[in-house]
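Enquirer: For reference, the chains in residue letters:
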Amino acid sequence: MDFDKKMRILVVDDFATMRKVIRNLLSQIGYQEVIEAEDGVSALRELRSQKIDFIISDWNMPNMSGIDFLKAVRADSKFSSIPFLMVTAESLKDNVVEAVKAGVSNYIVKPFTAEVLNKKIEKIIEKMKG
Amino acid sequence: MNVKFINPFLDATLYVLKTMASIEPVPGKPYLKKDNLARGDVSGIIGFTGAVTGSMALSFSERCILNIVSNILGETMREINGEIEDAVGEITNMVSGVARKDLESLGLSISAAIPTVISGKNHSISHIVSAPSIIIPFETQEGPFVVDVSIKEK
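Here the protein sequences line up with chains A and B, keeping their order. The first sequence begins at 1 in the working numbering and counts up by one. The second sequence begins at 1 in the working numbering and counts up by one.
Just chain A, with the same shape it has in the complex:
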C-alpha cells in the first residue's frame, strides 16, 4: 500500500454533495486520487476492481451501512489491512464502541474542516507505518 499524497482514496457516501465536499477537502490537502462510491455495495465493487490505499466511508447509508461495509472489508483478507476512516454524524458512545470493535482505523465527525481531515489521515498513516 502506498501512503503518500498519491495514494488512491475511496470515498463512500450516499450523498453526492458530501462526496464532492470530501473530494474538495482532500484536494486542498494534496490528495488528488479519489474514487467515489455511493454505498457499501458499490464500494466493495470498486475495491475488487482496482487498487485502493485508503477508505473514507460514511456511516449512515442505505443498502449497506458504513459499519456493515467496514465489517465486510475487515472480513476479506485482500482488503483487511486497508486503513478505514469512518465519517459520521454519530459520535454517540455506542456507535464508536461498535466501530472500534469492527476494526475502524479512526473516525471523524461531520462537519469537519480540511485541517481536521488531514490530521486524521496523517494519524492513521503514522500508525500504519509505525
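Be aware that one or more of the hints could be misleading.
Said to hold, decoys possible - Computed list of lysine to aspartate or glutamate pairs in EDC-like fashion (alpha-carbon distance at most 20 Å, straight line):
#  : chain 1 : residue 1 : chain 2 : residue 2
1  : A       : K20       : B       : E83
2  : A       : K20       : B       : E79
3  : A       : K5        : A       : E36
4  : B       : K101      : A       : E98
5  : B       : K121      : B       : E75
6  : B       : K101      : A       : D94
7  : A       : K20       : A       : E33
8  : B       : K121      : B       : E139
9  : A       : K5        : A       : E38
10 : A       : K123      : A       : E46
11 : A       : K93       : A       : E115
12 : B       : K33       : B       : E79
13 : A       : K127      : A       : D94
14 : A       : K71       : A       : E33
15 : A       : K51       : A       : E38
16 : A       : K20       : B       : E75
17 : B       : K33       : B       : E139
18 : B       : K18       : B       : D86
19 : A       : K20       : B       : E153
20 : A       : K71       : A       : E115
21 : B       : K18       : A       : E36
22 : A       : K93       : B       : E104
23 : B       : K152      : B       : D102
24 : A       : K93       : B       : E79
25 : A       : K119      : A       : E38
26 : A       : K120      : A       : E98
No lab work stands behind these hints: they were computed from the structure.
Got chain A; can you put chain B on it based on the hints?
Expert: Showing chain B alone in chain A's frame:
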C-alpha cells in the same frame, strides 16, 4: 415541547453552517408553529427515536440555500436542483448529529433516521408528533431559514 431542546438545535445549526459554509446566521426568537406549512422553499426532515420521539426540519428560502450550497461546494448554484436537495439532506443530517451529541450529555440517547428532502413553494412538513412545533428562525445575508422541531420526551 420542553425548551431544553431548543439550544442544542440552535447551536448545532450555527456550528454546522459555520464549519461547512463559513456562514454565521443570526438566530431570532423561537415561536410556536400551529400549522404544517413549511417556512421555506426546500426542507430537510429527519425523524428521531430512542429517549425521545419526534422530528426536525430545516426549511430554507431559495436565495439562502443557493448561497449556502455555493459556499459549501465552492461553485455558484443558480437553482434548486438535485444537488441542492442532496446538500439540504446532508446539512439536516449533520445538524441532527451535532444536536443529538449535545442531548446525549443531558442523558438522552437518541437515534436518527435517514433524512428526506421536500422542495417547492408552500410545501408542508409532517412531524411525527402532532403537537405544535417550535420554530427557531435564522437570518443570513442572503435570506432566512428556520429550524422546525417537534419532540416529545418518553
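Enquirer: For the pair supplied as a hint, A:K5 and A:E36, is the alpha-carbon distance within the 20 Å limit?
Expert: holds, 17 Å
Enquirer: Does B:E139 sit within 20 Å of B:K33, going by the straight-line distance between their CA atoms?
Expert: Since the Cα atoms of B:K33 and B:E139 sit roughly 18 Å apart, the hinted pair holds (cutoff 20 Å).
Enquirer: Does A:E115 lie within 20 Å of A:K93 when you go C-alpha to C-alpha?
Expert: Cα-Cα ~24 Å, so violated.
Enquirer: Has the given pair, B:K101 with A:D94, been kept, meaning a C-alpha gap of at most 20 Å?
Expert: Judged against 20 Å, a Cα distance of about 12 Å means the pair holds.
Enquirer: Within 20 Å, alpha carbon to alpha carbon, are A:K20 and B:E83?
Expert: holds, 10 Å
Enquirer: Given the proposed pairing of A:K123 with A:E46, does the C-alpha separation stay at or below 20 Å?
Expert: Given pair A:K123, A:E46 is violated - Cα atoms ~25 Å apart, limit 20 Å.
Enquirer: Check whether the Cα positions of A:K71 and A:E33 lie no farther apart than 20 Å.
Expert: violated, 24 Å
Enquirer: Is the hinted pair A:K120 and A:E98 satisfied, with a Cα-Cα distance of at most 20 Å?
Expert: holds, 19 Å
Enquirer: Taking only the CA atoms, is the gap from B:K101 to A:E98 under or equal to 20 Å?
Expert: Measuring from Cα to Cα gives roughly 17 Å; hence the hint holds.
Enquirer: Given the hinted pair B:K121 and B:E75, is their alpha-carbon gap at most 20 Å?
Expert: Status violated; Cα separation ~25 Å.
Enquirer: A:K20 and B:E153 were given as a pair; does the straight-line alpha-carbon distance stay at or below 20 Å?
Expert: Violated: A:K20 and B:E153 sit about 37 Å apart, past 20 Å.
Enquirer: Checking one constraint from the list: CA of A:K127 to CA of A:D94, max 20 Å. Satisfied?
Expert: The given pair, whose Cα atoms are some 24 Å apart, is violated under the 20 Å limit.
Checked against the numbered hints given earlier, this structure breaks hints 5, 9, 10, 11, 12, 13, 14, 19, 20, 21, 24, 25; the rest are met.
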